Amino acid sequence: MATKIGILTGGGDCPGLNAVIRGVVKSAVGRGWEVVGIEDGFDGFLHQEKCRPLGLEEVRGILPRGGTILGTSNRGNPFAFPIMREGKVELVDVSDEVRSRIVNLGLTALIVVGGDGSLKIAQEMMRRGIPIVGVPKTIDNDLMETDVTFGYNTALETATDALDKLHSTAESHHRVMVLEVMGRYAGWIALESGIAGGADVILIPEIPYDIEKVRDAIIARCKRGRRFSVVVVAEGAYAKGGDRVVKEAAGGKSVVERLGGVGEALSRELGGVLEMDIRVTVLGHLQRGGTPSTFDRCVGSRFGVKAVELVEAGAFGQMVCLKGRHITSVPIEDAVRSLKLIDPSGEMVRHAEALGIMLGR
Numbered sequence: 001m002a003t004k005i006g007i008l009t010g011g012g013d014c015p016g017l018n019a020v021i022r023g024v025v026k027s028a029v030g031r032g033w034e035v036v037g038i039e040d041g042f043d044g045f046l047h048q049e050k051c052r053p054l055g056l057e058e059v060r061g062i063l064p065r066g067g068t069i070l071g072t073s074n075r076g077n078p079f080a081f082p083i084m085r086e087g088k089v090e091l092v093d094v095s096d097e098v099r100s101r102i103v104n105l106g107l108t109a110l111i112v113v114g115g116d117g118s119l120k121i122a123q124e125m126m127r128r129g130i131p132i133v134g135v136p137k138t139i140d141n142d143l144m145e146t147d148v149t150f151g152y153n154t155a156l157e158t159a160t161d162a163l164d165k166l167h168s169t170a171e172s173h174h175r176v177m178v179l180e181v182m183g184r185y186a187g188w189i190a191l192e193s194g195i196a197g198g199a200d201v202i203l204i205p206e207i208p209y210d211i212e213k214v215r216d217a218i219i220a221r222c223k224r225g226r227r228f229s230v231v232v233v234a235e236g237a238y239a240k241g242g243d244r245v246v247k248e249a250a251g252g253k254s255v256v257e258r259l260g261g262v263g264e265a266l267s268r269e270l271g272g273v274l275e276m277d278i279r280v281t282v283l284g285h286l287q288r289g290g291t292p293s294t295f296d297r298c299v300g301s302r303f304g305v306k307a308v309e310l311v312e313a314g315a316f317g318q319m320v321c322l323k324g325r326h327i328t329s330v331p332i333e334d335a336v337r338s339l340k341l342i343d344p345s346g347e348m349v350r351h352a353e354a355l356g357i358m359l360g361r
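Quick note on numbering: the sequence shown equals residues 1 to 361 in the numbering used here.
Just so you know, the hints here were simulated from the structure itself, not pulled from any lab data.
Errors might be hidden in some of the hints.
Said to hold, decoys possible - Below, computed lysine to aspartate or glutamate pairings styled on EDC-like, alpha-carbon distance capped at 20 Å:
1. 120 x 257
2. 4 x 312
3. 4 x 257
4. 120 x 96
5. 4 x 90
6. 240 x 277
7. 323 x 147
Treat the numbers as computed from the prediction; the structure is a model and nothing was measured.
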């Protein structure tokens, strides 16, 4: 039975991370175990001062707080760790150093809270003999084998609230209001917030859009006396025959490409074919911040407890997941085999179109 476990949060932050940390600590301490918090993801193993004990006092009052008390990093991949050599960034493998640090800390298990990238790293560390349990985290909701990832619900509420506010100003000024939301290569935030927020057009990565059809849909609304339109566009959306809009390509300090700017690009495209005023709002990191919703607090807390139960059972290489209303687990390798994307012919897309929402096709 494990007596000293570590926990880290990797990748982008999201609401509900502190609920998971609290759930792990309270459940582990109740078993008489020690918990070590690793700061800034796997990067924390490379710095002794970034590993600290977590007890009941350390997690007191953190349940409603956004972010993570442990900090996080999306650049701390121990298999491709960026270091500066002769003025250039090089990616080196420091996984042996991380493994030695885990052993020297006396950790008998490690709980990794993260998304697709962090859990792939966890899977590789498992192959090097580190006993790991995963917890799915991402506002993008793009992890396989779980109905939902914690953090998504809060991000969705933020996007929907923004749409509610944009509607009134769009109608008042007879404008096209474009809202760019996160989600990377998955359109879950855009689609669900768009349906809930009464958007007229929703553009998602899974359905490359036809700008002429988007234009025609907006013009048709004007002819019906609706002299404004609200458009939700996922950051990974792109036009037919075009490419995604990228702020920064992968390489160097940026391990993965940074998406962003599709809202402005879409505005320019529409500006060339519409005689209407167009404004763009980019929610950006507002979707990651703030107080977690009731759902994310509850699911995050339960995920934390389940992770400790898996450690106790010696069920390593498993990821906690939500199936219906039940918290269970699946192999990490199944969860990261591919991204969970929207089916362009699926039920949610059909229902959106039945509501009169234009999806760019």
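Against the structure, the hints:
1. Using a Cα cut-off of 20 Å, the hinted pair residue 120 and residue 257 holds, with the two alpha carbons roughly 17 Å apart.
2. Between residue 4 and residue 312 the CA atoms are separated by roughly 11 Å; this keeps the pair inside 20 Å, and the hint holds.
3. For the suggested pair residue 4 and residue 257, the alpha carbons sit about 36 Å apart, so the restraint of at most 20 Å is broken.
4. Only pairs whose Cα atoms come within 20 Å are accepted, and residue 120 paired with residue 96 is accepted, the gap being roughly 17 Å.
5. The hinted pair formed by residue 4 and residue 90 fails the criterion: a straight-line CA distance of about 34 Å is larger than 20 Å.
6. Between residue 240 and residue 277, the direct Cα distance comes to roughly 24 Å. Violation of the 20 Å bound is thereby established for this hinted pair.
7. The straight-line distance between the Cα atoms of residue 323 and residue 147 is roughly 6 Å, inside the 20 Å bound, and the hint therefore holds.
When held up to the earlier numbered hints, the structure conflicts with 3, 5, 6 and fits the remainder.
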